[in-house]
Amino acid sequence: MRAKDAVGRYGEDVAERHLLAAGWRVLDRNWRCRDGELDLVGMDGDELVVVEVKTRRSAAYGSPAEAVTRLKLARVRRLAAQWLAAHDVRAASVRVDVIAVILPRSGAAVVDHLVGVV
Amino acid sequence: MVLGRTLAVSLVGLTGHLVDVEAHLAPSLPAFTLVGLPDASLSEARDRVRAAVTSSGLPWPNRRITVNLSPATLPKSGSSFDLAIAVATLAGAELLTAPAGVVHIGELALDGRLRPVRGVLPAVAAAVAAGRPRVVVPVANLAEAQLVPGALAVGASSLAQVAARYGAEVDVPDTTDPVVVEHQRAVAPVLDLADVVGQAEARQCLEVAAAGGHHLLMVGPPGTGKTMLAARLPGLLPDLVEADAVEVTAVHSVAGTFDPGDGLLVRPPFEDPHHTATPASVVGGGSGIPRPGAASRAHRGVLFLDEAPEFSTAVLQTLRQPLEHGELVLHRAQGAARYPARFQLVLAANPCPCGKAVGKGLDCTCRSEQRRRYFGKLSGPLLDRVDLQVELVPARAGDEAGDATSVVAGRVRVARGAAADRLRGTPWRTGAEVPGGWLRERLGADGSLLHDLDRALDRGTLSLRGVDRVLRVAWTLADLDGRAAPTRGDIGNALLLRTRGQGA
Chain A
1 MRAKDAVGRY
11 GEDVAERHLL
21 AAGWRVLDRN
31 WRCRDGELDL
41 VGMDGDELVV
51 VEVKTRRSAA
61 YGSPAEAVTR
71 LKLARVRRLA
81 AQWLAAHDVR
91 AASVRVDVIA
101 VILPRSGAAV
111 VDHLVGVV
Chain B
1001 MVLGRTLAVS
1011 LVGLTGHLVD
1021 VEAHLAPSLP
1031 AFTLVGLPDA
1041 SLSEARDRVR
1051 AAVTSSGLPW
1061 PNRRITVNLS
1071 PATLPKSGSS
1081 FDLAIAVATL
1091 AGAELLTAPA
1101 GVVHIGELAL
1111 DGRLRPVRGV
1121 LPAVAAAVAA
1131 GRPRVVVPVA
1141 NLAEAQLVPG
1151 ALAVGASSLA
1161 QVAARYGAEV
1171 DVPDTTDPVV
1181 VEHQRAVAPV
1191 LDLADVVGQA
1201 EARQCLEVAA
1211 AGGHHLLMVG
1221 PPGTGKTMLA
1231 ARLPGLLPDL
1241 VEADAVEVTA
1251 VHSVAGTFDP
1261 GDGLLVRPPF
1271 EDPHHTATPA
1281 SVVGGGSGIP
1291 RPGAASRAHR
1301 GVLFLDEAPE
1311 FSTAVLQTLR
1321 QPLEHGELVL
1331 HRAQGAARYP
1341 ARFQLVLAAN
1351 PCPCGKAVGK
1361 GLDCTCRSEQ
1371 RRRYFGKLSG
1381 PLLDRVDLQV
1391 ELVPARAGDE
1401 AGDATSVVAG
1411 RVRVARGAAA
1421 DRLRGTPWRT
1431 GAEVPGGWLR
1441 ERLGADGSLL
1451 HDLDRALDRG
1461 TLSLRGVDRV
1471 LRVAWTLADL
1481 DGRAAPTRGD
1491 IGNALLLRTR
1501 GQGA
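Respectively, the protein sequence lines represent chains A and B. Per our numbering, the very first residue in the first sequence carries number 1; after that it's consecutive. Per our numbering, the very first residue in the second sequence carries number 1001; after that it's consecutive.
Check each hint, because a few of them may be wrong.
Computed spacing ranges between beta-carbons, pair by pair [unchecked claim]:
{"no.": "1", "chain 1": "B", "residue 1": "1335", "chain 2": "A", "residue 2": "77", "range": "35 to 43 Å"}
{"no.": "2", "chain 1": "A", "residue 1": "35", "chain 2": "B", "residue 2": "1100", "range": "49 to 57 Å"}
{"no.": "3", "chain 1": "B", "residue 1": "1333", "chain 2": "A", "residue 2": "35", "range": "28 to 36 Å"}
{"no.": "4", "chain 1": "A", "residue 1": "90", "chain 2": "B", "residue 2": "1171", "range": "54 to 62 Å"}
{"no.": "5", "chain 1": "B", "residue 1": "1035", "chain 2": "A", "residue 2": "84", "range": "47 to 55 Å"}
{"no.": "6", "chain 1": "A", "residue 1": "81", "chain 2": "B", "residue 2": "1047", "range": "21 to 29 Å"}
These aren't lab readings, by the way, just hints derived from the structure by calculation. All values derive from a computational prediction rather than experimental measurement. Cβ atoms here follow ideal geometry from the backbone N, Cα and C, with glycine treated the same way.
One chain only, chain A, in its complex shape (with noise of 0.2 Å):
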């Protein structure tokens, strides 16, 4: 595994705990389908929440959260969609968040928890 994978793949456990500490239900992590790859599905109440999870080591070369294009969340809507299609579940609503994770070389990381982006 190349480091910036495992960057990536540590910043989604950091934003994973940021989530269930705010009280939410995670349903999926790391869904793939053909199109790509959700990082993770959650619950907040009803409303069914997909995160897109960026990290980054600092924030030398920008947010993290800069880094997530209009493209990107583009696609992230679209397998929302395809999320729904192949899961049973009944939420009143969806949106779409971003948290951006900086996990700087000593100390606690900074979560940046971007809500309804789309």
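Guided by the hints, dock chain B onto chain A, whose structure is given.
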């Protein structure tokens, strides 16, 4: 609070509008949008502000930032909003507390320094008029901002300095060199009327023009001193009164031709556009909100058109509106700008294309139709507005220099004082502005005074407007000679001065 706000000023022509700059920070994907009808140069403020904030050592908020310039329907342009946008954004991010009611003006460099902008004087004046006297401007514009009465202007050399003043935790680099624009200080050449040899008539004409603010046409062969004389006219004019000085300085500030280090412009400006000038360069123009041209830069001063018949007809015709109304209204798709343009017009022309048709015109090699066409460009409505027309002849070896500028300027000052006394309580200040009816009423009961004029009118050498204009010059002649009212001789002289050139 995710909302930061501060104030800026948008200039449309010389009119400043107070603009609310609001920044809203939403927890969403990082973005930076600017709304409120910005033009291209203002849209680029986003990139400058972001670079300047990070260069100053402040964190850039990773939020969806929407900056609104309100009133959102007023078109805005230029780089002077940079500082206000940065302050509003940082206030929205709670990095600093922007004091209410302070206006911010200035362009940001990418390293966070503040660059001077054009039009600070009218912008600050608008802020003061709107009841917001506290203004932050770039250090290089501070002298200009302080010229506005009642302004509480503060200079800043960098964004970090402004942010630190408002409580941001940021290191202010003390070695920041403020951006100072090196104005090329035009060493005003000392132009003295004593330099002109001979041309006694033309010099007298120039004196009358200076005393009454009359427009002047000089016709003569090349090398007789037309240009020299015209360049010496501003030296004869008195200093501008304060209200005029502020207005003139504001125009030059918008045009970017003004050195704030010298304070208000108190000397009448002198503009001499080349004869290849376009209408847009003379009356003002440009995309978006038009900028002032040579006619407005000559406001309360002298607009000199050398080789006037060589100017394009379009340029000469555009001057008719400002000659009549004293201001220019320039309409563009984005709005109309209004600039003052009450200048004194001085025209110089050769008598014909070869320039030798003086006296009997025996040396002239031009065909009569060439001569007609050459001067035809000037004739008509434009020439009818020129009160003084003088023909210059080549100087002789024995000709002597006349009075120096200081002597003539003294006589002009006395004459202007007499005119001002007479016109006290009226909206006019010089003889050239007064309507004819008012002048005729003051002429007294002596009907014989108008006899010569009536005859000229009957013969058709003078139009009705021409009669009024001759009367104005006659009053100026009386002022120069210290008489209370013009005599028949003054009117005869004035008639002579008007028709001596090609006009008769």
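Hint-by-hint comparison with the structure:
1. The hinted window of 35 to 43 Å between residue 1335 (chain B) and residue 77 (chain A) holds, with their beta carbons roughly 42 Å apart.
2. Checking the proposed 49 to 57 Å range against residue 35 (chain A) and residue 1100 (chain B) shows it holds: the Cβ atoms sit about 52 Å from each other.
3. One distance hint, 28 to 36 Å for the beta-carbon pair residue 1333 (chain B) and residue 35 (chain A), is violated here, with the actual separation near 47 Å.
4. Separation of residue 90 (chain A) from residue 1171 (chain B) is about 55 Å and conforms to the stated range, judged on CB atoms against 54 to 62 Å.
5. The given range of 47 to 55 Å is broken by residue 1035 (chain B) and residue 84 (chain A), whose C-beta atoms sit roughly 35 Å from each other.
6. At roughly 36 Å, the beta-carbon separation of residue 81 (chain A) and residue 1047 (chain B) lies outside the given 21 to 29 Å, and the hint is violated.
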